[in-house]
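Construct the entire structure; sequences and hints are all you get.
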Amino acid sequence: MTKSTVRVKTLTIDGREVGAREDQTILDVARENDIFIPTLCDLPGLSTVGACRLCLIELKGSPRLLPACVTRVAEGMEVIANSERLDRYRHGILELLFAERNHVCSVCVVNGHCDLQSLALKLGMTHVHFPYQYPSLPVDASHERFVVDHNRCILCTRCVRVCDEIEGAHTWDVMARGVECRVITDLAQPWGKSESCTGCGKCVQVCPTGALSEKGKSVAEMSKRRQFLPYLTLMREGRK
Amino acid sequence: MSAPVGQASLPAEQPKKIRLATVWLDGCSGCHMSLLDTDERLIELAKRVTVVWGPLVDLKEFPAEVDVTLVEGAISSEEDLHRIKMVRARTKLLVSLGDCAVTGNVPAMRNKFGASAVLRRAYLENVTLDPQIPREIVPTLLPAVRPVHEAVPVDLFIPGCPPSADLIFSVLSDLLEGKVSNPAAKFG
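Going down the list, the protein sequences come from chains A and B.
The numbers in the numbering used here rise by one with no breaks, and the one at position 61 of the first sequence is 61.
The numbers in the numbering used here rise by one with no breaks, and the one at position 106 of the second sequence is 1106.
FYI, nobody ran anything at the bench for these hints, they're computed from the structure.
A hint or two may mislead.
[Claimed, not checked] The calculated EDC-like cross-link candidates involving lysine to aspartate or glutamate, where the alpha carbons are at most 20 Å apart (straight line), are: (1) A:Lys224 <-> A:Asp115; (2) B:Lys1047 <-> B:Asp1037; (3) B:Lys1186 <-> A:Glu100; (4) B:Lys1186 <-> A:Asp115; (5) B:Lys1186 <-> A:Glu95.
[Stated by the list, open to error] Just so you have them, the derived chain A footprint on chain B, three or more residues with Cβ under 8 Å: (6) 1096 to 1104; (7) 1137 to 1150.
[Said to hold, decoys possible] Far from chain A by the CB rule (all over 12 Å, computed), these chain B residues: (8) Ser1029; (9) Leu1042; (10) Ile1043; (11) Lys1047; (12) Arg1048; (13) Val1057; (14) Leu1081; (15) Val1087; (16) Ala1089; (17) Thr1128; (18) Ala1165.
Note that the structure is a prediction, hence the values are computed from the model and not measured.
The beta-carbon is built from N, C-alpha and C at its ideal position, and this holds for glycine as well.
And the structure:
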């Protein structure tokens, strides 16, 4: 690795002065300083896409909200990571996620081990104010060992990123827009017929919900094992 | 169940009993079971509440001036809708008890197929002896199952499938203390 001079920036988050490397995002710095910013699509070790919008923060001098996961720090930034306004937006986003598809926690394979369910508890979501959409979505169980249940997918694209960036297979991708949007394997072929899938299961482990699960697991039996990710990321960085 | 006995002879300091009702709509009765799972604490509760309506209360019509009603289950049929409107009109504080009431949960899983497809499957395709869809006496199903708050305003939400006995008891205890706040508990 070439030694680069990394500058240090100082900024405030919720009134607290914090220091950060110039290549860090607001979310990175908040995490380092134990300042809670909710997120569902971000996972350390994968690239950031700003898909879920839960990490929106207020920045003094900016009329719009910014996603903390893709916003780099700058000298003198004044960030508000928690406010009534942000709470309102975050609750709205979370409730829309629940209303958009069929998240039936009580019969879900990851009940009790789900990032979406935990976040609802953490943010104190009492109920969903929006009318539930109850879309008709397929379950693809054609793969030998794994299942994709589109009813539980929140389109965070963690599976797409881990497959492309860590496994290097790029089996997963995203198809269509709006409510039609779906994660797909190969060119929207059944997962079991995918020629690019190596069957490594990384996508299943990084999935925040019960959208991707292992076969043979029943209600509440699946928990995700993500310990591999920091090691693999570290190995790849070392090789660059 | 328990009629207000001998109210006139009660000492003056005896606090007024809370009029509590429980309603069972489209749910599995698990939430009611969970309420019963509060076990001996029910005796403490019984000293402070009068159960004026519930699955085991033998009355023809939902009573008037109920203080608190716990609703288990989602809104699935025309009867559910009719009942919840009456319950709402006669209740001061309406509580959605459990995931079916709060989210639609398992009963709402039929929504992606529609009521007629589900009836066809259950009463025609899977039946060998005199298959027919019941149309008399039983209430007509709504096209889609909805959570209670999509039909009437709800004051308090207790999630869980079912909510634990401890959770139900703590919410009821809070209510008896005059505290109305949603509990921190997970769905599912």
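Status of each hint after checking the structure:
At roughly 10 Å between alpha-carbon atoms, Lys224 (chain A) and Asp115 (chain A) fall within 20 Å of each other, so this suggested pair holds. With a C-alpha separation of about 17 Å, the suggested pair Lys1047 (chain B) and Asp1037 (chain B) falls inside the 20 Å cut-off, and the hint holds. A threshold of 20 Å between alpha carbons decides the hint, and for Lys1186 (chain B) with Glu100 (chain A) the separation of about 19 Å falls inside it, so the pair holds. Under the criterion of a C-alpha separation no larger than 20 Å, the hint pairing Lys1186 (chain B) with Asp115 (chain A) is consistent with the structure, at around 12 Å.
Among the hinted pairs, Lys1186 (chain B) with Glu95 (chain A) is consistent with the structure: their alpha-carbon atoms are about 14 Å apart, no more than 20 Å. Figure legend: the segment 1096 to 1104 of chain B, annotated as covered by chain A; annotation consistent (5 residues with Cβ-Cβ distances under 8 Å, at least 3 required). Note: the segment 1137 to 1150 of chain B has 5 residues with beta-carbon separation from chain A under 8 Å; the three-residue rule is met and the coverage holds. Even its closest Cβ contact with chain A, about 15 Å, leaves Ser1029 (chain B) beyond 12 Å, as expected for a residue assigned away from the interface.
Interface exclusion of Leu1042 (chain B) from chain A stands, the closest Cβ pair being 25 Å apart, more than 12 Å. Listed as outside the interface, Ile1043 (chain B) is consistent with that label: its C-beta sits roughly 30 Å from the nearest C-beta of chain A, beyond the 12 Å cut-off. At roughly 30 Å, the least C-beta separation between Lys1047 (chain B) and chain A is larger than 12 Å, which holds for a residue marked as non-interface. Separation of Arg1048 (chain B) from chain A is adequate, the least Cβ-Cβ distance of about 25 Å exceeding the 12 Å criterion.
Under the 12 Å C-beta cut-off, the non-interface status given to Val1057 (chain B) relative to chain A holds; the minimum distance is some 27 Å. The beta carbon of Leu1081 (chain B) sits about 15 Å from the closest Cβ of chain A, which is more than 12 Å, so the claim that it is off the interface holds. With a closest Cβ-Cβ approach of about 18 Å to chain A, Val1087 (chain B) is found to remain outside the 12 Å limit, as its non-interface label requires. No beta-carbon of chain A is positioned within 12 Å of the beta-carbon of Ala1089 (chain B); the least distance is around 21 Å.
Under the 12 Å C-beta cut-off, the non-interface status given to Thr1128 (chain B) relative to chain A holds; the minimum distance is some 29 Å. No beta-carbon of chain A comes within 12 Å of the beta-carbon of Ala1165 (chain B); the shortest separation is about 17 Å.
The structure shown violates none of the earlier numbered hints.
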